[in-house]
Amino acid sequence: MSSSPAKPEPIPGTHLFDGDAAAKGFALNDMCFSFNDAANRQAFLDDEDGYCAKFNLTPEQRKAVADRSVLGMIAAGGNIYYLAKLAGIFGLNVQDVGSLQTGVPVDKFKAMLLAQGRGETYEAAHAEMMKGEMVNG
Amino acid sequence: MSSSPAKPEPIPGTHLFDGDAAAKGFALNDMCFSFNDAANRQAFLDDEDGYCAKFNLTPEQRKAVADRSVLGMIAAGGNIYYLAKLAGIFGLNVQDVGSLQTGVPVDKFKAMLLAQGRGETYEAAHAEMMKGEMVNG
Amino acid sequence: MAEIVGAYFTSHVPAIGGAIHRGLQQDPYWKPFFDGFPPVQEWLAKVKPDVAIVFYNDHGLNFFLDKMPTFAVGAAAQYDNADEGWGLPLFKSFEGHLPLSWHIIESLVEDEFDITTCQKMLIDHALSIPFELAYPNADKWPTKLVPIAINTVQHPLPSAKRVLALGQAVNKAIQSWQGDERIVVIGTGGLSHQLDGERAGFINQDYDKFCMDNLSVDPAALTKDSVHEIVRLSGTQGVEILNWIGARGAMGEGVAAEIHRNYHIPISNTAAATMVLEPA
Amino acid sequence: MAEIVGAYFTSHVPAIGGAIHRGLQQDPYWKPFFDGFPPVQEWLAKVKPDVAIVFYNDHGLNFFLDKMPTFAVGAAAQYDNADEGWGLPLFKSFEGHLPLSWHIIESLVEDEFDITTCQKMLIDHALSIPFELAYPNADKWPTKLVPIAINTVQHPLPSAKRVLALGQAVNKAIQSWQGDERIVVIGTGGLSHQLDGERAGFINQDYDKFCMDNLSVDPAALTKDSVHEIVRLSGTQGVEILNWIGARGAMGEGVAAEIHRNYHIPISNTAAATMVLEPA
Ligand SMILES: [Fe+3]
Ligand SMILES: [Fe+3]
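Residue numbers (our numbering), protein chains in the order written: chain U, 1 to 137; chain V, 1 to 137; chain F, 1 to 280; chain W, 1 to 280.
FYI, nobody ran anything at the bench for these hints, they're computed from the structure. Model, not experiment: these values are computed from the prediction. Don't take every hint at face value.
Okay, the calculated beta carbon distance ranges per label pair [claimed, not checked]:
| no. | chain 1 | residue 1 | chain 2 | residue 2 | range |
| --- | --- | --- | --- | --- | --- |
| 1 | F | Asn214 | U | Val106 | 30 to 38 Å |
| 2 | U | Pro8 | F | Asn137 | 44 to 52 Å |
| 3 | V | Ala39 | F | Ala77 | 24 to 32 Å |
| 4 | F | His21 | W | Glu253 | 55 to 63 Å |
| 5 | U | Ala66 | F | Asp35 | 39 to 47 Å |
| 6 | F | Ala138 | U | Asp37 | 24 to 32 Å |
| 7 | W | Ser93 | V | Lys131 | 42 to 50 Å |
| 8 | V | Glu123 | U | Pro8 | 53 to 61 Å |
| 9 | F | Ala77 | W | Lys224 | 34 to 42 Å |
| 10 | V | Asp46 | U | Ala66 | 40 to 48 Å |
| 11 | W | Lys224 | V | Lys63 | 36 to 44 Å |
| 12 | W | Glu42 | V | Ala39 | 40 to 48 Å |
The C-beta atom is built at its ideal place from N, Cα and C for all residues, glycine as well.
Start from the sequences, fold in the hints, and give me the full structure.
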């Protein structure tokens with residue numbers, strides 16, 4: 001944080017879940033943690049607004065959830081291990097979540113992984129995936 | 001425990017809350033931990049048997065609680081920090097608990113502490129306290 | 001004296017549980033991964049461990065951010081799985097090994113590891129999937145369990161060097177244990193993968209190969225990089241390699257022999273790897 | 001740069017809270033204890049800390065045996081008291097210092113302390129009573145809080161040597177902190193007392209004097225004994241001296257100057273002590 005010594009060089013496309021994020025994201029992660037319980041998942045589906053209010057989501061967090069924006073949730077301090085439980089409510093797996101974050105259809109996201117399986121580097125496979133796509137962001 | 005290397009010399013009149021005790025006492029301490037909540041304290045007062053059953057106390061633990069035997073609870077794995085919350089239900093403070101464990105009236109227990117305040121050693125003050133008393137245990 | 005029969009390492013992607021559930025072991029997508037397990041199963045049938053010490057990470061089932069331990073050691077008589085949020089069928093429970101758990105806890109605290117002790121502990125797919133893969137037809141798990149959870153969720157994470165030292169301290173604890181158990185050490189998670197952020201789908205075969213090549217002969221090589229650098233090389237969830245490093249440490253400081261290796265990309269978003277090492 | 005203005009140590013017997021609540025400061029039983037605090041209050045009024053780093057132990061309010069950390073560091077925006085089982089009036093809440101908490105956490109993990117991080121943390125009488133004594137007329141506490149909880153409940157406890165090292169690592173973290181806070185370090189609990197067992201009521205003035213005499217000039221002297229030996233010398237709850245040792249460590253490795261001392265037997269079952277040290 002502000003008065004701490006400098007942090008190491010950021011990693012492109014990567015958001016470390018550190019103290020800043022953990023402090024910012026507490027309410028959102030707290031809500032997602034509650035989704036380990038099926039009754040809570042149903043309560044969210046029954047009344048999303050009311051359920052989010054119960055956990056005091058910040059306006060930024062509430063908007064990211066409403067928009068189903070994974071990158072927005074991460075920017076608002078969400079941690080992927082907890083967010084995965086929210087994604088599960090919508091029937092989304094980690095490849096769907098990858099597709100949402102990279103902004104490409106899930107088939108192209110999966111093809112990018114298969115390309116790495118054939119020995120392509122991430123950089124090459126990723127460049128191929130992004131061909132003809134709008135840049136995410 | 002059994003296959004561990006030897007432990008240091010025991011301390012007379014002293015029961016370390018170690019792994020053996022913690023494993024043995026889990027249910028009892030779990031119940032006592034619940035007494036941080038006033039509603040649970042009332043539930044215990046309303047139906048002691050039912051409340052103890054809910055936490056699966058062992059027969060040894062249940063008997064020690066029924067007997068209000070602090071030493072019995074400790075022998076059954078109780079930890080004093082949690083037991084103190086049970087004692088609180090009966091309006092007992094730590095000096096009452098000391099009196100129960102040493103088997104002397106609370107006034108004599110308090111006098112033993114005051115004697116140490118006047119500079120007497122624990123051994124001297126304790127010997128004085130036990131004069132004319134049945135030995136505990 | 002107790003014997004460490006060896007160590008088994010594997011990725012633990014949740015989707016593996018689904019594939020097992022649906023019987024997809026021979027499906028073309030899954031076959032190259034599942035084909036890595038008969039050698040593990042045969043090895044376990046030969047060395048017959050009766051206790052497993054498992055280094056893994058919790059995925060938001062047992063620990064929340066209110067109390068997030070760097071290292072947690074289980075000391076429960078039984079460990080249950082629970083709904084992780086997807087409503088999947090529950091994995092089988094594990095029987096604990098209380099005396100060994102407390103012995104390890106005593107020894108670790110004596111050696112200045114500031115662990116959190118868990119007399120109740122829910123275990124998640126990261127612990128169960130390696131057993132589902134290793135003992136596919138078991139009615140109950142053939143080993144008792146001592147679980148050791150490493151924080152790979154909330155930074156700061158422990159350094160790889162610290163995790164290797166933790167594992168070595170567990171080895172020291174086993175050396176002073178007077179039971180005659182046959183102990184298998186298990187490390188779960190990894191290898192390179194990243195679920196979150198614009199770099200989701202990142203895999204690094206070179207780094208994975210570096211890790212697998214050094215795990216047996218020079219595990220200290222895996223501790224040269226900072227956690228931040230490991231994330232760069234391996235992905236945000238690739239840091240689960242810490243669990244492998246801890247398990248490798250628990251084999252002791254000597255060189256180990258590589259008995260088996262399988263590596264396949266992708267399983268879900270992950271470079272999936274499986275290894276078996278024996279004390280050399 | 002932040003400045004450590006000094007350290008304040010005091011016993012934290014729950015009954016003190018009751019005595020304050022009932023206004024018994026001048027009662028003959030309580031007066032010798034409460035008379036130890038005007039010098040503390042005057043010292044605090046002079047050195048004006050705005051942050052308190054408090055080493056204490058939880059008494060079964062925030063931590064249970066399902067997840068019992070050796071060392072826990074708070075990282076919450078606010079810390080509340082709650083009913084500890086006796087239905088007493090609640091103590092005032094504390095405002096946290098999030099950036100400093102996370103800085104200390106980063107630094108401690110870097111220095112291989114395997115802490116548990118608590119983004120939610122209830123604080124009990126062990127933390128509140130020292131403030132009630134130090135700031136008797138405060139509407140709100142004048143300092144922000146970074147709480148550090150040490151396991152003194154479930155053995156194995158960390159060794160006194162490890163706890164001193166923890167404190168010194170907190171000092172190192174403060175040295176690298178770039179804020180300009182005025183920090184008071186607080187250690188709570190002790191001195192000799194034993195609540196449980198046939199030896200309940202045990203007090204050891206000689207050992208207490210040894211601790212108080214060495215705290216300023218040679219805190220390492222307090223780390224020569226094992227935890228088991230400290231229990232023998234100081235009582236099962238006398239091990240709360242660990243909190244004092246941690247706080248003393250956070251002043252750094254140099255000699256400190258003793259500014260104030262009060263010692264009175266008994267308060268409840270406890271040899272009650274109060275000290276103030278300044279960096280020499
Ligand atoms: Fe994982
Ligand atoms: Fe205390």
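Against the structure, the hints:
1. Checking the proposed 30 to 38 Å range against Asn214(F) and Val106(U) shows it holds: the Cβ atoms sit about 35 Å from each other.
2. For Pro8(U) paired with Asn137(F), a C-beta distance near 47 Å keeps the hint of 44 to 52 Å intact.
3. The hint said 24 to 32 Å for the Cβ distance between Ala39(V) and Ala77(F), and at roughly 29 Å that hint holds.
4. In this structure the hint that His21(F) and Glu253(W) lie 55 to 63 Å apart at CB holds, the actual value being about 58 Å.
5. A C-beta distance of roughly 44 Å is found between Ala66(U) and Asp35(F), which places it inside the suggested range of 39 to 47 Å.
6. Between Ala138(F) and Asp37(U) the beta carbons are some 28 Å apart, a value that agrees with the proposed interval 24 to 32 Å.
7. At roughly 49 Å, the beta-carbon separation of Ser93(W) and Lys131(V) lies within the given 42 to 50 Å, and the hint holds.
8. The supplied range of 53 to 61 Å is met by Glu123(V) and Pro8(U), whose beta-carbon atoms lie about 60 Å from each other.
9. Separation of Ala77(F) from Lys224(W) is about 37 Å and conforms to the stated range, judged on CB atoms against 34 to 42 Å.
10. A hinted range of 40 to 48 Å holds for the C-beta pair Asp46(V) and Ala66(U), which are about 45 Å apart.
11. For Lys224(W) and Lys63(V), the Cβ-Cβ distance of about 42 Å falls inside the hinted range of 36 to 44 Å, so the restraint holds.
12. Taken as a hint, the range 40 to 48 Å holds for the pair Glu42(W) and Ala39(V), whose Cβ atoms sit roughly 44 Å apart.
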